[in-house]
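Taken in sequence, the protein lines are chains A, B and C.
Using the UniProt record's numbering, the first residue of the first sequence is number 1, and each one after it goes up by one.
Using the UniProt record's numbering, the first residue of the second sequence is number 1, and each one after it goes up by one.
Using the UniProt record's numbering, the first residue of the third sequence is number 1, and each one after it goes up by one.
If you are wondering where the hints come from, they were derived from the structure by calculation, not from laboratory data.
Where a beta carbon is used, it is the ideal one built from N, C-alpha and C, also for glycine.
Everything hinted at is true.
Examples of chain C residues toward chain B, derived with CB under 10 Å:
| id | residue |
| --- | --- |
| 1 | V204 |
| 2 | E215 |
| 3 | V256 |
| 4 | D273 |
| 5 | R277 |
| 6 | I288 |
| 7 | K289 |
Here are the simulated distance ranges between beta carbons:
| id | chain 1 | residue 1 | chain 2 | residue 2 | range |
| --- | --- | --- | --- | --- | --- |
| 8 | B | D391 | C | E144 | 25 to 31 Å |
| 9 | C | S2 | B | D419 | 56 to 62 Å |
| 10 | C | S2 | B | E57 | 55 to 61 Å |
| 11 | C | T281 | B | E356 | 47 to 53 Å |
| 12 | B | R364 | C | T200 | 39 to 45 Å |
| 13 | B | S81 | C | D85 | 51 to 57 Å |
| 14 | A | S226 | C | E142 | 40 to 46 Å |
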Amino acid sequence: MATTHSDSETLGGESVEDFDESEQSVEARVGWRYTLSQVREDPTAFGGFLVIVAAAVVAVVTTIDAVVFEFLAQYQVFAQFGVEKYWLAKTVWMSPVQESADTTALLPPVGIENAYGQGTWAHPLGTDDRGRDILLRLIYGTRIAIMVGVLATAIGLVGGMVVGAVSGYYGGWVDDVLMRLAETLYAIPFLVLVLAFIAAFGRSITFAMIGVGVASIPKFARLIRSRVVSVREDEYVEAAKAAGVRDRNIILRHVIPNSFAPVLVQATLQVGTAIIIIAGLSFLGFGIQPPTPSWGQMLSVSRDHMIADPWFSIWPGLCILVTVVAFNMFGDGLRDALDPRLDN
Amino acid sequence: MTERAAAAAEGVDGVGFGDPLVEIQNVSKYFANDEGMLSWLSVNRDADGLPVETGREWVKAVEDVSFTIRKGETLGLVGESGCGKSTLARTILRLLEPTEGSIYFKGRDLADLSGEKLRNTRKDVQMIFQDPQSSLDPRMKVGKIVEEPMQAHGMLDAEGRAARAQELLEKVGLDPQHYNRYPHAFSGGQRQRINLARALSVNPDFVVCDEPVSALDVSIQAQVLNTMRDLQEEFGLTYLFIAHDLSVIRHISDRVAVMYLGQLVELADKRELFENPSHPYTQALLDSIPVPDPRADGRRGVLEGDVPSPIQPPSGCRFRTRCPKLIAPAEYDLSDETWDRVRAFMRHVKRRDFTETDPDAIRRRYFDGRVPDGAAGDVVSAAIDDIAADDWEDAAERLQSAFAEQSVCAREEPDYEVDPEYGTDRHTVACHLHRE
Amino acid sequence: MSDPLLRVDDLQVQFFTEDGVVRAVDGISFDVHEGELVGLVGESGAGKSVAVSAIMRLIESPGKIVGGRIEFDGETLVEVETGPDGDPYRTEATMPDGELRERIRGREIAIIFQDPMESLNPVFTVGGQLREFIELNRDFSEREAREEAVSMLREVGIPEPEARYGDYPHQFSGGMRQRVLIAMALACEPSLIIADEPTTALDVTVEAQILDLVEDLQDRYGTSFVWVTHDMGVVAEICDRVNVMYLGEIVEQAPVDDLFYETKHPYTAALLDSVPRPDQTVEELNPIKGVMPEAIDPPSGCRFHTRCPEAREACTTTNPDCREVGFGDPPHRAACIKHDAFDAAYSGSPPLDAAAQQGFDVSLSGGETDD
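Isolated chain A, as found in the complex:
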């Protein structure tokens, strides 16, 4: 355009200072890298973060392991590489007892002596009443715990996000109806709600997981709604509306991203809660069904041996404890990192 030059002359004025130095810190204040760097400075939160990462790695590796070896075991070609032997060994450790010379029933961990004998390095944490290696079952249990906890939370988060965002953004009778519904659900004790869900749809880990997720929708919905109601009043939302941006895009691009921080904290804490609840359900027999190894169900089995062989219940209990505490520590750290009021 011919006028550009003369125009920029008359525009005059306030020009951008050299922001290069401050840019880094300013730009980094939003986004993941900044948040994580804040978390790293908080030892408790960082500890939690490391445990979660470790658990996630274990979960991923065991998943790959299970899938790959199940696949390989089907083909005789691989037998010569010892695949078959490995697979058999694992099945023996993890599944209902198979008559095998290798198995020894109820072995204590290494270093502990009892009526049944001395622990062995082959089974460092001992074996259970069916002779399955406890360490391996715990490792495979991690996969279930993490997966189920995360998925259940995701269900609650997505459901809550939709309900809360719609309710908060549109307000009026939509808000009234949705929030009264959410409050009704909120009034029923959490566990009762999940049990009712399982009773209605069937006793399986899938339904337990969905049940926990659905039962946590009201909590997320209310949290997100309260954020959305305040974000909705921000001028950039009005600006987007005035510019003619569609409602759906306003919610997705402006309202949800700006409402997300406290929700993320709540979600992290909720993963811990979901793990406990599902472990509890498994303990009661409503969750993960044998033979799939899970911490809750391992605890349940150990109930009969609790006095005589306490190690049997200590290990899965400890796993639940560590994981849940890790999620809580990380969640708390995240809250601090994301809280603008603590920002200097």
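Could you slot chains B and C onto chain A? The hints should help.
Only chains B and C this time, still in chain A's reference frame:
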């Protein structure tokens, strides 16, 4: 005038420069005083039968406002906080639904539109907001912010939008290199420039500016105002410029509308309004502004009291409760001086800002010892007796109903036109002082 | 002239932040005589609020008074010197905290803030807060204090003061709340009131009412004021003498008429030039170019040289102090080396294209810097 502005003037859209672009007719906007499921119910213990009443209290934020904005001009809209100017702006933009009235934009009534049709008209009508902090999404980069309106209206492809965004950033006086920065990295003035670039991205005809510079430091204010003027010329824009600061309005506007408690009180050409203000409220506003000149004669604080509640605005002229020129009721036939005394007495009784209760002392203080003759005098004497009996409320009530409520200002809504002293534009004034 | 009521001498306040030391107030001196209304004017970030907080020693961590002396009515409110180890310390003359709190704050010097809502406790009634304040500071009985509170409310123009006594702050309008704060400030008949942008949040008609009220009260009580504002209009209306601040320093100090008609500092001149006028139509505004630099990293030499239309090479190296540049009493001081009072090499120094020199007009491609 630039090529683009000239092209716009030829009237691609059929509206030439100086012709009405936006016509606002009898627009009102009421808000429910409180929201909630059961707020339409209220308890009335004195009622017969059920002690429950239905019906809401309405805040009359904007009532019966009409004016026209011509293509290419800047119409300044000025008023104090709470006068409804921002509500009016949002109603014109259909961010709020008008309770009544029509908003014609290029001949189409925006009040009738909804959904996708309304959304499509937003391409032509844009807004610039007051708060440079909150009007930009902190989690979105500047480039995306400027591109968003184009994307919403399907303008250009991604590459074209990016190029246009950079061009616009440059036009408003920013570095196009800053396309990838977050709003945090910019100062208040620069953020307002980003706001400008966003509003201009879809090539609008009409831009509503809601106090765009009131959050900025004076020196920055001037920079942004200059930019806005230059852009107006280049793009052939029409502005509705809202502000509480008469100095800014005087600088940028072609015509000025003054608003008080939800209604327009005066509308005239800029020069006419500033040189020949005809409504007592406009005069009070002009007298109140501190002038940056120590040798100017300071007329200040000519208004007393606060703006009344918009839930139950005063009858007739809404300004009459604070008006220093309230018209004497015709039936009493009072001299100007006596009427001034009566009014002062009435005001002080209402505000209860003196403590004497002795009738003689009051008479001396307000009436020089002599109460007026006739019916007016009887009312004043009765009120003085009320005060002597320490019955202030009765006294205030008596004076209000005998004087203030009887004035033509309380009985009729004013709407007059005066002959302009400067220029030829219509000069409308809502004040009974100008009847005949 | 008699001794000033308040004397601020070479006051320095610094904020020790993560990113470095911010020199918010860098060696300012001014005084206030009895019955005088002295303005402190500047844009946001100039350090005016910090300067007045320092008078009452209300600077909070990470801020610190690191130098200078504040004297009030012959007493030293604070005196900070730099020790041999380079650390600033308060000298013996400094008034102890307890005494300052008991005797000075509220009683001798009162402060009014911009946002009256923050200064009033929302859970107590307005009258109750005023009464308690009077009761505490003036040793009145509860009943006397109540009467005094009502009459103060009436004095500052609150309608129906008896009835409004029991109202809560949120039931008052902004202007009414500011009146309450003024009543509170006046309650102990202090000799100095510090007003920190008290009318900025108010509408013009209300602002005018408050300015009227202040002028009226000043006549009656003879109170001195330090008035912080960014509005040149307010300055012209009410101030007797004015201090113009830029980036932590006072750049010009003059009686109000001289400041507007005998402007001596380019910043003041530019500021006056950039304000739209309510009383006349100005076709084109002349904004000051650029933005105020950060106080954490002020420009070398004169702090205004990066934006100054009259800057020359010499300005980049010499940071002038505020010197007497005009004749008259009270004196007219300015911190600009273009005046003869500064024996600097201004006239021989080549002019500076401020924008190009600073390289901060990156935003304006070509056009402006081509020549």
